[in-house]
Structures are given as structure tokens and as C-alpha cells.
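S.K.: Based on the provided sequences and hints, a complete structural model is requested.
Protein chains in written order, with the numbering used here: chain A, 895 to 1328; chain B, 895 to 1328.
Simulated from the structure, these hints should not be mistaken for lab results.
Heads up, a few of these hints could be off.
Since copy identity is lost for identical chains, a pair holds within one copy or between any two.
[As the list claims (entries may be wrong)] Capping the alpha-carbon separation at 20 Å, the derived lysine to any residue pairs in SDA-like fashion look like this: (1) 1114 <-> 910; (2) 1114 <-> 1262; (3) 1295 <-> 918; (4) 1114 <-> 918.
2 protein chains.
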Amino acid sequence: MEVLYVLLVLLVATRLVGEVAVRLGQPALVGELLAGVLLGIVVTNHGAAFPVLAELPDDPVFDAITDLGIFFLMLMAGLDLRPWKLAEASGRAIVIAVGGLALPLALGIGVGGWLLPASELRSAQALFIGAALAVTAVPVSVGVLLSMGRLDTSAGRLIVSAAIVDDVLSLLLLAILTAVLQTGHQPDTAALLTLAGRVALYFAIAILIGRFLFPWLGGKIGALRGHEFEFSFLILAALAYAVLAEALSMHFLIGAFLAGLFFVRNTIDEETYDDVFGKVSALTHGFFAPVFFASIGIHVSGEALIQAPAFLATLVLAATAGKLLGAGIPARLSGMDARDSLAVGIGMNARGAVELIVADVALRAGLFSVPDPPGAIVASLYSAIVITAITTTLFTPIGLKWLYRGSDPFPDDDAQSAAPPPATKSDRAVDVST
Amino acid sequence: MEVLYVLLVLLVATRLVGEVAVRLGQPALVGELLAGVLLGIVVTNHGAAFPVLAELPDDPVFDAITDLGIFFLMLMAGLDLRPWKLAEASGRAIVIAVGGLALPLALGIGVGGWLLPASELRSAQALFIGAALAVTAVPVSVGVLLSMGRLDTSAGRLIVSAAIVDDVLSLLLLAILTAVLQTGHQPDTAALLTLAGRVALYFAIAILIGRFLFPWLGGKIGALRGHEFEFSFLILAALAYAVLAEALSMHFLIGAFLAGLFFVRNTIDEETYDDVFGKVSALTHGFFAPVFFASIGIHVSGEALIQAPAFLATLVLAATAGKLLGAGIPARLSGMDARDSLAVGIGMNARGAVELIVADVALRAGLFSVPDPPGAIVASLYSAIVITAITTTLFTPIGLKWLYRGSDPFPDDDAQSAAPPPATKSDRAVDVST
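M.R.: Okay, here's the thing in C-alpha cells:
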């Protein structure tokens, strides 16, 4: 029964603070994280009054719920990302995406190499910092741009395309990171080759199943008489992809994401697709995502701010500079004006769920336990990364609103497109905003 | 990650066998239970090959998932049960319901008193048997009657009304049983009075909140800007009701059920209600219910059939005779013909989810651990109760079809009502059929 009590506390806290965040023009995710941080502070200081909550971070049930949170968030991310949008991404968007990924990655690895203490996990920790800084959160950017009525401008479209490309590249990065964490601390060439073979095998299987078996099975579903089979079908497919990913040394989230990606409108009929999409969205945004973000927040310790403030400031700076310059300069070179180029950089700077999932994966893989004693930097590394995610995500809506203050939305579009998009579309886009 | 693997195995097995059951004209629940029993047999005999599955019955994560399964099943049961249907139940339905509850209850307690070995838990065990036999599964009866086109006949309507009254009475019985399990083995008068006071307090609070706070909060939800708030609202309300029930010595499932009951169409607008209902239904029938029924099945041991076959036969006989006579005789006395009276008895004989939940609650409360060693009867009690549920539930569709073989459906209604009910209604009714 404890699980119901825990869920009650987490859901009440996250939904309340999340609502406050949304009203302040921030993504709900920021509020949900802060709710977790607040709960963490309460529990640290008054743990005796809330024994169940105090034991939460070490509870296997809570770990399982967090796993399910990651699973549904990535499934949702896959569902949201349409493969043909990837195919549509222009050469310009790809250059911006690669720049916006490579520079913060390099800066993150550089900061790690410079400041981390020597240990057997040092290079893995540096790679982790780079990966965490390199991530871009498509949902946050989409939500902010939509709320400003700027999604359908040339800068808006470019931000979204580039962020989508970034998302996929980040996952590849995460696959490498997970493998490095699993195969040992300093993988040799043979281990890396084995890993590359497994990754290739996994993607080959996943793509074959997704392209051929999925639509075939989808066509059969209508003939089944059991109840809610379409919903079960998607969950089952995602579970199967996830378990296969683990079996081949990758993180299960890759599987959940790919299953979402292959569950497209033509797999099953359109109406059923929309129905299933709505159900997964409710489960994710109404239940698992808030609980997951709270769980991330609970693990944050304010000591990072006190123990290693310079390190934290360096991370935030490297993250922001990496995106502003890495994405902004290619945008400017491609012929955008200065303001739109800056907007591209700011829009790509939100990190959101994927960075937090990366942090959670690394935390549970024991990445922050070495050297022993860890010293101020490593001890505060997890918290510093989460605080970086919160800070950069907060910065995106504030920065974009400041950049376009007083200016007319849709400067390069006709008046028609200034009208809000049709209901379903806008629902869909808001779906993404946590 | 183990949790995803476990969920994959359970969902694949239950949905496959469940589909076979539905195609054979049986409720999906029967197939899902059997899938669990089969998994249990595989795991018992080849546990070394499936170490994760073999440890399942003792896994805290699995316990938590089972709790969530009970939670969502009871929430769904509450959502399905409309309070005004209770108010509509005729005097005749109430007499049939009370007869159909009291006789199997008495027979169950009698069988327990007769066959159970002496121990400090003997009276609690006898009460458990009585409560398990007394339960009626509204969903199973509705599903079967609907599939036969007999839901809208006078016998059909009477079965459903009486079964609904039984459902509510069963929950009261379960509240008493849980309290007896919690307050100690032989509660004295003071303990029983304290308990009665708590139950009264709980229902008073629950009804006040449900009648006044719920609709008020429901009206405010539309103004919130966070995503999927309506879904979260129902889940939050049910969690709050459940936690409060536990705090007042009742089982949390009472809270989930009541929250569903008070979440009626006028709490929020109709369209939102239908949307939230569909989402909870998907989550319950497409995910948690199959997993829960599988978990019940996994705990079943075929040894009950071998160790205590006479006891098992006595239970099935007492359960069936209790319903056939306890509900059938009042029906006959009220003026129905013999065949419809028998149909009422058979229709009330399906047990379904609530009996299984009662069994699960008792198992986890340690009811089957005394005396030590327990002897053949107590050792096989849990399995015998589950097998009784499966048997009586199987018997309902077979018995009703046999009873009405070759006869015209809707003998007492006009041709119009022989047409299938409108899509939404039929979806709703099938919703209930697990």
C-alpha cells in the first residue's frame, strides 16, 4: 500500500508546482522537477516525520516506477517524432543540429577532462558530461514556440527540425555511453567492435520488425476480440523492443523510443491511432512523467551549489555557450539575420527529459561513486547536471520572449497562419510540452 | 529493467490466452487467470531457466504492481457502477441479492467451521471462505448476457440489478474481513466498536468529499493549464480515498471503488468524462488487469486438486448451490418462471475479480500460514478458492447458453430492442467484461 501513498504525495506536489510553472510561462517539467527538489529538502531535513518518503531513493519499487517513467517518456517521444519530419529536415537544419551537438559535447568533455579528479571512471564521467550538455529537448522548444505563436516561422521550423535531428543523435550518444558504462571502464578495441556489432544487429532487427512485422500485426489487431488490444499492442511492442535492447547491451529506452517511432498512422487505422496516442499521452503526462521528474528532483542535493559553485557555473556556461555558438553560428552563416540566429541557439538550449534520463541512467550505473571519497566535484556532479538542465530549460522561454519582445509574430508568414492551428494539432503539440 | 521483462512475459501470455478464452465464449478473465496458472507451472518446474520469473511471487516490485492492479480494477468497477442504478434496484432485486449473498456466505462459513483445523485464525479463515463464495461479478454477468443478446430482458435486468447490490454488500463484507484480519484474530467488542466508528467516519468523509468537493474541484479543472489534468484528477482523488481508507483500517480498494463511484458525468463535462473513462479503461483492461489476473494465477498450485479434492469439490458445490438456491428461490417466489429463476441463479454465480482480490488480500495478510504446519486443507485453501472462482465463472456462460438453447432472445421485448445497443453503450458494457 505504501506505493499508493508515495504516488499520492508525488502527484499532488508535481501537479501543483507544475501548474504554477505553466502559469509563469515555464514548461511544466521545470515545476515538476522543483517539486521533487522541494520534497527532497523536506525529506532530508524532516525524514523522521516521513519515513516512507525518506527511504524512497533506495526503494526497489520506486526504481521500477522510475524505469516505467523513462519507458513511457521515451515511447511518447518516439510517438511524437514523425520519421518523415526527419526526412524533411533540410541540409541547413542538419548542419545546425550537428554544430549544436558537437560543440557542447566537446565543451562538456573538455570541462570534465579539466576539472574531474583522476579515477578509472574519469573518461566515462567526462563523456557523460558531454552527452548531458549536448542534448536538446524538442518538446520544450516546441511548447515554448507554440505558446508564443512562433512555431510556424522560418526560425521556428528550423529550431524544431534541428532539435529533432539532435534528439536522434543524442540517443546514439547515449547508446555509446551506456555501452561504455557496461563493458567496463576503459573498453578495448575488441569490446568496442563487439558492441558496434550488437548495436548494428539491434537496429537491423528493430527496423525489419518495425517496417514489416508491425504493419502486418497492426492489420490483424482489428480481428481480435479481447478488450483494449490496440493499447496493449503498442505497450507490448515497446516492451519487446526494450527487452531486446537490454539483451544487446543497450539501454531499454532506445527500444521504447524506436517502438514509438514505428507505431505510425498507417500501422493501424487513423482513428485507433489517435485513440491509442491519447491514452499513452494521458498515462505519460498525467502520471508517469510527473512522478519521474519528481524522482529526479528528490535525488538533487543543494550542496552542489555550496560545495562546487564554480563547477556548476562552468557547466551552465559551457552548456549555453555550446548551443548558442554551436547552433547559432551555422544559422548566421546560412543567411539568417542575427536575431533569428540567436533564437535558434536559445531554442536549442532547453534540455528537458532526455538529459535527466541520461543523468538517471548514469546515477544508477554507479558513475558518481568513484573515486572514493569522490571529492566535491564528483559528489556534486549529478546534482550539478540536473541543476544545469533546470537552468537552461528555464532560460529558453525567458530568452525567446526577451528576444522577440514587442515584435509582431509571424513576420515572414501571411496573416492566415497566425491563426492557431486546428485543435488536434495544438493538443498534440502541447502534449509534448512536459 | 527486470520489471519490463516481467511485464512483457505476463502481458504476452495473458493477452494470448485471454483472446483464446474470448473466442471460446468465455470471459477474458478466465483466460488471463489460466495464463497465470500456466506460467506458474512452467516456473515451478523450470524455475532455473527463468530465475526472474521464479522469484516473482516474493518480489516487492511485483507486489506493488499487483496493488496497482487491484487499485485500477476497483476504480474501474466504481466508474462502471452508476449510483442511480442502485437507487433503481427494485425490492425484488434486493431480496434476490440478499438471498444470493447470505446463503453462500452461511454455507462458506459452515464449510469452514466443519473442515478447517483448529487454530487462532480459524474463524477468520471461515469468514474468508464465506466472503469469497458470497461475491458476485457484475462484469462477467453483464458481458455474458450482452453477448447472448439477453441483457435487456426482465431476467437480464434483474440479474444485473441484484448483482450490483451484491457487489456493494460484498465490499462491506470485505471491509469487515480486512478489519478482522487487522485488529487481531478474535476481536473483542471494544475493538469492533472502534472499527465500526472508523468505518462510519470514513464513509461520512468520503461521501461529503464526493458529493460536495468533487463537483466543485471538477468545475475548476477546466481552468488549469497543465496537461492531462482531468486524468490526473481522477487518479489523485482515487489515491487520496485509498490512502484515507488504509489510515482508517480499511482496505485501500474500498477507496479506489468509492472514488470511481463519485466521479460521475456531472463532476466534469460529459466529453471529458468519456475521455477519462476511456483512458482508465485502456490502462485497466489493456495493462493492469491482465497482469493482476496472471499474478493470481501464478500463486495457484495444482496441489489443491490432488491434496484436498473433496474440499475443493465441496467449495465449488457450496458456492454454486448457495447462488442457485439463495438467489433462485426468491426469484421463483416473486413470480418468475422456473427457467428465468434458474437463469438468475446461474447469472449470479460468476465470481470474477472481486473474489480474486479477496483471496489476494487474505494471502498477503498471512491468513493461510496458521496452523503450522497448515495441513492439506489450509495449505490448499488459497488455490481452492481461486479454482472455485475460475470454475464458477466458466459455468455462467455455459449454463446460460444451455438454459436458453434454441430459444428466441428477447421473448418479452419488442423486436426493436433485439438490435444491438448503440456503439458507445456496447463498448462500455464490454469494458466490464474482464
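S.K.: Indicate, hint by hint, whether the structure satisfies it.
M.R.: To see whether the hints hold, each was checked on the structure:
no., hint, result
1, 1114 <-> 910, "between (42 Å within a copy, 13 Å between copies)"
2, 1114 <-> 1262, "neither (47 Å within a copy, 44 Å between copies)"
3, 1295 <-> 918, "within (12 Å within a copy, 61 Å between copies)"
4, 1114 <-> 918, "between (47 Å within a copy, 19 Å between copies)"
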